[in-house]
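Colleague: In order, the protein sequences belong to chains Z and P. Following our numbering, the numbering of the first sequence begins with 1 at its first residue and continues without gaps. Following our numbering, the numbering of the second sequence begins with 1 at its first residue and continues without gaps.
Check before you lean on any hint, since a few could be wrong.
Heads up, incomplete: computed chain Z residues facing chain P, CB under 10 Å, no partners named [stated by the list, open to error]: (1) Arg24; (2) Leu28; (3) Ile30; (4) Arg32; (5) Asp57; (6) Leu74; (7) Ala80; (8) Ala81; (9) Asn84; (10) Gly88; (11) Asn95; (12) Tyr112; (13) Ala157; (14) Gln161; (15) Leu163.
To be clear about the criterion: a stretch of chain P counts as covered by chain Z if any three or more of its residues have a C-beta under 8 Å from a C-beta of chain Z, and this derived list gives those stretches [stated by the list, open to error]: (16) 9-21; (17) 149-159; (18) 324-330.
By construction, these hints were calculated from the structure, which means they are not laboratory data. Glycine included, every Cβ here is placed at the ideal spot set by N, Cα and C.
So you can see what is in the structure, the chains are spelled out below.
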Amino acid sequence: MPLVVVSDLTKTYLLGQTAVPALRGVTLAIDRGEFVAVMGSSGSGKSTLMNLLGCLDAPSSGSYHLAGQDVLRLSSNKLAAVRNTSIGFVFQQFNLLARATALENVELPMVYAGLGRRERRRRARNALAQVGLSDRGHHRPSQLSGGQQQRVAIARALVNQPLLLLADEPTGALDSVTSEEIMAFLVRLNEGGLTVIVVTHDAEVARYARRVIHFKDGRVVSDDLNQHIRAAA
Amino acid sequence: MKLVNSTLAALRAVRVNKLRSALTMLGIVLGVSSVTVMMAVGGGASQRIQIEVRNLGANTIVLNSGALKSRGVSKGQGSRPSVTLADAQAIENEVPAVVAASPQHNFAGMQLIYGNANWSTLVTGTTPEYLTIRNWAVSRGRAFDREDVVQGSKVVVLGRTVAEKLFGNQSPVGQEIRINRIPMTVIGELAAKGQSLAGLDTDDTAVIPISTAFNRVIGRNPANPRAISGVILKVRDGANMAAAFTEIRQVVRQRHGLLPAQEDDFHLINLTEVMRAKEDSARALGILLAAIASVSLLVGGIGIMNIMLVSVTERIREIGLRLAVGARRSDILGQFLVEATILSLIGGIAGVALGVAGAVAVERYANLGVVLNGQLSLVAMAFAAAVGIFFGFYPAWKASLLQPVEALRSD
Ligand SMILES: Nc1ncnc2c1ncn2[C@@H]1O[C@H](COP(=O)(O)OP(=O)(O)OP(=O)(O)O)[C@@H](O)[C@H]1O
Ligand SMILES: [Mg+2]
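Sequences and hints are given; from them, build the entire structure.
Modeller: Laid out in structure tokens, this is it:
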């Protein structure tokens, strides 16, 4: 049973009177442990798909099963629990709380998981250590570089040990060296068994992935296994 | 657990966003404190009137000699003394509504001497009813009685101020003083009444039997040897004051032999009416102050509303992120509700404290009595808190209904 099963998923935005179809029927299955790159030109619907997979938005039609669960039928509290424990989301713009420290940002998902203060602090430290930021725990986002902020965001995405890591252009705001570091880290996570889906414009980045899905005008136009997987740096 | 988390998150938000928190509280503080001060000042004004009314005694009509206008020019009170002891007696006998009539023979600025100390004050010659009508208690010794009036006893009851000027803290009772060079025995001291509304010291007076005043201490008026200064009349509780007033006037006019075309040669004042007019103006002042207070509370409320709306809008992205990492709606609502409540409570308490301090300052430096009204402060606090909580909570509630990505996209 695949981890992610979507069938005939559509999303249409309404801009005043005009309907903007962003997804026009996407059917996909992604197994546990896969590393998938999603590519396509700007406006092709990649972010829209990721938001739906991350339960951050509701589709116009279609179905979505995550780990066998029909998430579109879940109550809002159950859905919150799915976002909290099953999914880790990494945004292009990091989306850290500006007034909170790195540790506090990483602790946030655990607050909503109902973990105690001490346990949260312990796990947040570990997660920051994993992304190589042990010494930056008390820094605010504004006191960190872009690459460091994105690593804090990844630590936050991982801290509740999700089934699925979704990253929407995680390196879009970073230089190439930093991008490689981040991608290498995602690859290592995947090698540890985590299912990873990454949106990217960058063919170099896509070469880390075993499977590459191309989007055009809200549809999947190709879904290939990558012949030349790059080794993690 | 959840409430604890929300509270901690809210406290953190209050602490971290100092400026925003301070601005929100400022509106509440100003609104609540201005209501507290205004209402305290208004309450003080109406309390002063009430004390004055109590000091004067209720249902009182005063009859004074004189005030005859000739060719349109008032000669002032007592310019042609006309009221006599017999008038006082006649009113008491002929007007059923009048329960007591206390004739008075006054002299302002009479010299009182005790040893080396001397003091000049208002000396009032009157009957024992005077103190009853004015609700005036004797704090030491006794008041003079009917017998003293009949005998023309040389006894005096001192007001608190006079007693203090002549005797300090010693008891004046049993001492001998001289009034207008006539030796008089102090038999009592009156309880303190304080200032009248006009700012005069009510306690700066000495009261003696009217016979003694008439025959020895003050003497007769050369223009009319039978005239006294006036009469204080007490009307029965529940009687129609206006009707009593007219009746008294008719009795006096008849006794003075005035033709219908002639003006009164006396002056009749309904003190209750005067007091009612003063009460009305105090009430008007109170309403004005309340209106000002309401406006400032409203302005404070609008301030709170603005800050809350702006800051919550700013934070819709934060709400989106919290939802994205797994916050339930109730987590978001709890956090914002607790945060708005904390701000409102702190602001409200600070507002009451500032208002009380302001009222105390008014009392001390403007020398105006104030009466704090805790209930109104609470109402103001509740209003400010309701505004703060509503506008802190409502946008958060709306944002929590959004899909996480919609909230994240907002700016
Ligand atoms: N909130 C929205 N309201 C209206 N239209 C939207 C909204 N979000 C996206 N769209 C439209 O939906 C389409 C797909 O957008 P989407 O963000 O998924 O593209 P994308 O593939 O992620 O592009 P990019 O590579 O530039 O990020 C676009 O045509 C876009 O204009
Ligand atoms: Mg996109």
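Colleague: Would you mind marking each hint as holding or not holding in the structure?
Modeller: Here's how the hints hold up against the structure:
1. Arg24: violated, 19 Å
2. Leu28: violated, 19 Å
3. Ile30: violated, 20 Å
4. Arg32: violated, 21 Å
5. Asp57: holds, 5 Å
6. Leu74: violated, 12 Å
7. Ala80: Given a least distance of 4 Å, the restraint on Ala80/Z holds.
8. Ala81: With a minimum Cβ separation of about 7 Å from chain P (threshold 10 Å), the hint on Ala81/Z holds.
9. Asn84: holds, 2 Å
10. Gly88: Given a least distance of 9 Å, the restraint on Gly88/Z holds.
11. Asn95: holds, 5 Å
12. Tyr112: For Tyr112/Z, the interface hint holds, since the closest Cβ of chain P sits about 4 Å away, which is under 10 Å.
13. Ala157: Result: holds, 8 Å to nearest chain P Cβ.
14. Gln161: This hint is violated: Gln161/Z lies away from chain P, its Cβ roughly 13 Å from the closest one there, beyond 10 Å.
15. Leu163: violated, 14 Å
16. 9-21: Our answer is that it holds, as 3 residues pass the Cβ test (under 8 Å) against chain Z, meeting three.
17. 149-159: violated (count 0)
18. 324-330: Satisfied; 7 residues make the cut.
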